[in-house]
Structure formats: C-alpha cells, structure tokens
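Peer 1: Please model the complete structure; the sequences and the hints are all you need to start from.
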Amino acid sequence: MAAHSAVLSASKIMNPFWVGRLGNTAKPPPAKYGGRHTVTLIPGDGIGPELLNHVREVFRFACVPVDFEMVNVNSALETDDDMNNAITAIRRNGVALKGNIETKHTLPASVKSRNNVLRTSLDLYANVMHCQSLPGVQTRHKNIDIMIIRENTEGEYSSLEHESVSGVVESLKIITRNNSIRIADYAFKLARERGRRRVTAVHKANIMKLADGLFLQCCREVASGYPDITFDSMIVDNTTMQLVSKPQQFDVMVMPNLYGNVVSNVCAGLVGGPGLVPGANYGRDYAVFETATRNTGKSIAEKNIANPTAMLLASCLMLDHLNLNDYASLIRNAVLTTMNETRVTQLCAEQCCCEVARGNLCCNLTRIHISFPAKLGNEMRVHTIHF
Amino acid sequence: MKIFEAAKAPIRWEERNVTAIRGPGGKWMIPPDAKESMDKNKIGLKGPLKTPIAAGHPSMNLLLRKTFDLYANVRPCVSIEGYQTPYTDVNLVTIRENTEGEYSGIEHVIVDGVVQSIKLITEQASKRIAEYAFEYARNNQRASVTAVHKANIMRMSDGLFLRKCREAAEKYKDVKFTEMYLDTVCLNMVQDPTQFDVLVMPNLYGDILSDLCAGLIGGLGVTPSGNIGANGVAIFESVHGTAPDIAGKDLANPTALLLSAVMMLRHMGLHGHAKKIETACFDTIRDRKVLTKDLGGNSKCSEFTEAICQKMKDMD
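So the protein sequences, as listed, match chains A and B. Anchor point for the first sequence: position 159 equals 159 in full-length UniProt numbering, and the numbering is continuous, going up by one each time. Anchor point for the second sequence: position 2 equals 2 in full-length UniProt numbering, and the numbering is continuous, going up by one each time.
Since the hints were made in silico from the structure, they are not lab data. Hints are supplied without guarantee of correctness; some may be wrong.
[Claimed, not checked] In silico lysine-lysine, DSSO-like type, Cα no more than 30 Å apart, as pairs:
{"id": "1", "chain 1": "A", "residue 1": "303", "chain 2": "B", "residue 2": "176"}
{"id": "2", "chain 1": "B", "residue 1": "46", "chain 2": "B", "residue 2": "66"}
{"id": "3", "chain 1": "A", "residue 1": "298", "chain 2": "B", "residue 2": "173"}
{"id": "4", "chain 1": "A", "residue 1": "209", "chain 2": "B", "residue 2": "66"}
{"id": "5", "chain 1": "B", "residue 1": "176", "chain 2": "A", "residue 2": "104"}
{"id": "6", "chain 1": "A", "residue 1": "246", "chain 2": "B", "residue 2": "300"}
{"id": "7", "chain 1": "A", "residue 1": "104", "chain 2": "B", "residue 2": "300"}
{"id": "8", "chain 1": "A", "residue 1": "209", "chain 2": "A", "residue 2": "142"}
{"id": "9", "chain 1": "B", "residue 1": "127", "chain 2": "B", "residue 2": "66"}
{"id": "10", "chain 1": "B", "residue 1": "127", "chain 2": "A", "residue 2": "209"}
Peer 2: Structure representation (structure tokens):
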C-alpha cells in the first residue's frame, strides 16, 4: 500500500506559487492519479494513532478521494532517519495530517523536539487556529469566535540554549524583521479574506523592548497597508485576563510563538477543551494539519475515550485546502450534528465510547449527503447498520 | 490606614516617596532615604507605580525589585463571594520567580532586522524560588506544589528549573509535587481551576499565569500580591495600574491594597488582625450594599472603607 502510494506521489509535480487563497498561501498539489490526492499521515504518540484511524474510517465511509501515506515517527526511535523520511514525504505530497510526537524532556538538549523540527524544516510559518463556541458544548463563555495566528518558526522556540557557566543557562529568543512582517501580512490577508474587522497584536514590548518591540513595529507597518482593518495591540498578561472575563471582544489575534502557545491553549479551554479545536500549520509550499493544542494524551491513549472531533475537523481543514470542499462540508456537518445530539466523549464531560460517536457520525453522513449516487449511499447505510 | 486603626493593628507607618533619581555614578536608583527606611523596617506596603513609556529609566517596579532582591512574587487567588465571575471556588497561589528568566532585560540587535532576547535561568535563583514555594506551602497548609515549565522546548533552561524544583521536593516530603507543561496548565486552568493549589514557575510564565488567575477571580482590582526578598525583606502591593483618570476622586476600589495589607499582616505573624480585616472586607462585598463602581455598586471609596470599619467594630 505504501509502495503503491509512493509510486503515485512520485509522479506528481508540485507547483508552489503564491496565490493567496483562503487561509493559505500555496496552491494545493494537483491530484494526478485518477483524481485522488495523496496525503502524508504521521500517527505520532499517545492518542494520535487512534484518532487518525478514526479519520481514515470516516474518509472511507464518505469515499473521500484521498490516500494516506503513513510515516511512523515517534519518540521511541533513536535516529533521525524517520524524521527525514517524514519531511521528504511531506515535501513530496505537500500536505500532511499528524498526531503529536512526544518529546521526553529528560533527554539532553541535543535531541530537539520533533514537532518543532518538522515545523522549521518545512518553514510552516503560520499556525492558524479558529476558536468557535460550538453548539451542544456547555462552556462558561458563549459566542466566542477568535482566530489566532501564531508565528510558528522562531521566537522562544528557536531551541538555542547554552550553559555559559555551570549553573547559568541562557536561552535565546530570536525575533526577525522578515518573519514578523511575514506573519503580520498573513494575519491581515486572512482577516480581509474572512471579512474580519479587527486584528490585535499580542506582545510584551514593555519588558522585551527590542524583541517584541520589533514584532509590534512590523505589525504596525503591515497594518498601515490595510486601512479597512482596525489594528490594536495588547500586552499578553492583560490579554489572558481579558480572555477569561470577556473573550467576545477579540476578533483576530497575531503573536509570536510562546504567547501563541499560551493564548491558543486558553482559548481552546474556553470553547470546551483540547478535543474540539483543529489547528493548521501553513507554509509557503506545504501545509500540515493537526489538533490545535498538540496534546499527546498519553494518559488516555488506547482506552477508546479520546475525543475525535479535533482531528476530524482538522481533516476537514485539510480537505478544504485540497479543494475538496464538498467532502469537507459533509464531514464537518456530520460532526457538528453528532455533537448537537449530545453524543460527546469523556473529554467533554460525558462518558461515551469513541466508537459510538464515530458510528453516529457515519449515520449522520448517510442522512445528510443525499446527493451521493444511490449505490454508494446503500453501501454506507449497510455499514452503519453494523454499528 | 484607617482600617488598620479601626482594627487596632500594631503597625506604625513610615511613608516614603520612590520616584527614581539618578544617583552618583549615573545609575538610576530609588531615593536613599527610601532604601534606608526599608532596610530598617523590612516590610513595606506599596501602591501602584506608573512608568511612563519613554522615561529613559527602567520601570520603578523593576528598580525596587533589584534594589531589595525581591525574588519571589506571591499572588494568592481566592474567589470572592459577592463578586460573581464565571469561575467559582478558585483557591490557588502563584509563586513566580521575580529576578531573572525572560525579564533579564538582556537584548541586542545582532544584525539589522534580527533581535535576540536572552532568557537567563540560574541554579541559585531556581533553587531559591523552589525552596520558598515549598516553605510557603508548608506554612500555609497547602497540599501540593506544581512546577510549570516548557522543558520539551527549552530543554536546558526549564530543565534546570525543574531539576531544582525536584531537589527541593525531596526535602519537603509532606508536600506533593507535580510538574505540568505551561500549555496544559493554561488549558486546564480555564476549564477547571479547582485542580490547582500552589504553582511555582519562572518569570514570564508566572507573569502570564498570575494575571490569568487574577482574571478568574475578578481582575486586578481585587487581587493582592506580595514580593518576598532576601534578608527577610517583603513588599506587599496592589498590582493594578495607577488609574490616573479616577485618582483623587474617591472612586477607587481599595480591596486589592487592603488584601495585600492583610497578606502583610499574615507574613508578620499577626494572624488575628489579618483575619478580622479580611473577614470584614469579604463580608462587606458579600452584602453587596456598599460597593465601589468596578465591583458593581456606586458608592465612594470612603463609604466602602467606612462599611468595613463598621463591620470590624461589630465584630469586637
């Protein structure tokens, strides 16, 4: 299966020129063989493999024209070969869907976080997360609709550390003009495409005057080119405070790497938890989709209780990226309908088996997609009865 | 101060101005008489200080911190009955390393367009804060201490911090110790803050998390804070801004400063007085009859203070 896909994908030609499409800047790779795309699949650790299995099952039921090329990268392997294979596969296919790869922080600093290596090698500079209050999910705050755009390659995650003297460690946070302008530009373009009115830059320039000062300055420069969009800035600690009291005031937020981590996790918690929000990493030429909060979920792995919503919605984002919008809407609607019927798994505070959620999802797939050819529809109905 | 009189707390006040001045040698410092007073008394209570953005000197708060080596910032966050927020039953303490980390202020432009900011973590500072955190937990009957870090990404720096926390945990076996990633803490904090007890962390995470927790209980207007330094020095303060728009109009909410003063009393061992003032304050807020504007009422600051004094008289 893998060899077959490898042959298919080797014949594809990538055409990465900047087009400025919805939510990303690269043209998706054209489907070359019989109208089917090949996507790299990286299961990762913890709940990654089982969630991605669910995605594959759902794709199978919905007859989505996507083949997965699986590359196993996990924390157990010692060498970097698997990482290089994964990167090559993504370069070949252009798109990937991944689970989180665990980073054991007891290892020495020379062993870098694999997720980070992936992001920097492929220059996936923008991490986009759309936090929306979902119907059917009980939360303390309602009507949240925030887009978070986080710089994904530099900042505090540059992994440049050294011990100058024993007991004194320095960690470098790098902010560059080019990357700051790039991410600010991305944020404003996205805001304009989605009809958003306001972009807020999150920073700590009162303390880190040069670093975050540069970031803020770049944002302001880019903002002057978009007079239709309001630009303001907010210090990160004030931002978190506002988020837990009045999250409805935020529209689009752009920020460097670490603050992005904090803010995106806070927002994910506000809308219902890590199992509900999908995330996407876009670069100029490649796109990798995953859950927004990048949890490994070791404690709930293989117990059939992980919530597949985030990964399923991430796969919908991937389908949108591949221009398979019909399938994306189909799966998305099915997921949201399933959630509305209160069939939610443990992480949404109700005890329910993951498979039942998936089964219900497939029932909804048949119900919603009436325009599918009858034969296909029958096949799907047969499958769901078995559930 | 009025409330302290009403509570008959045995405190004598010495007021000092801390506007920064240039000392000999050109370095910015706080006025020497302020420093002397602090060294003598060891305990201080501070209101908000404003740092104008292009002042040319480092922020006053930073200056105070450096002068007295205030290495631990302690912020207890307890939900206040009578001031409704979406989060109830919050009862946690954030202990933040106050001197180094990301706020070391060491930054430089390497080449045009590339800026580097250095995050400094030292063994000594990490050890100090970790031991303080466990000491605090033990003294205040807290069950567990959680170290917040990002050691998967910042392996060496946060790794060092974690190691020191682990070593300190060995010495305090009666207090439970856990470690959690910063993002996990943020995620869980907004979903269920009751699972956290004492949190200890480096400077930047501490800044963000302590403000996050303040937001959970209702904002900076009701949050007390204390800075503990070496040699037994401690300065307690309210962390909100100076609010120049309502200054002098008797509209401000004194709760934050009051609760910080209560923290100060506890630090000095005057638990009885601390409890009295704190109960009076909470009762007044719970009654909801006399509240300042930001808490939802429209009384003046002096009326609020009066109400608290009255409650304390009733208690005697």
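Peer 1: Could you run down the list of hints and mark each one as holding or not?
Peer 2: Cross-check of the supplied hints:
1. A:303 to B:176: 27 Å, holds
2. B:46 to B:66: 16 Å, holds
3. A:298 to B:173: It holds: about 27 Å lies between the C-alpha atoms, which stays within 30 Å.
4. A:209 to B:66: Satisfied, since the Cα-Cα distance of roughly 18 Å is no more than 30 Å.
5. B:176 to A:104: 22 Å, holds
6. A:246 to B:300: Status holds; Cα separation ~26 Å.
7. A:104 to B:300: Given pair residue 104 of chain A, residue 300 of chain B is violated - Cα atoms ~55 Å apart, limit 30 Å.
8. A:209 to A:142: Since the Cα atoms of residue 209 of chain A and residue 142 of chain A sit roughly 35 Å apart, the hinted pair is violated (cutoff 30 Å).
9. B:127 to B:66: This hinted pair holds, its Cα atoms lying about 18 Å apart.
10. B:127 to A:209: 28 Å, holds
Hint compliance for this structure: hints 7, 8 are broken, all remaining hints hold.
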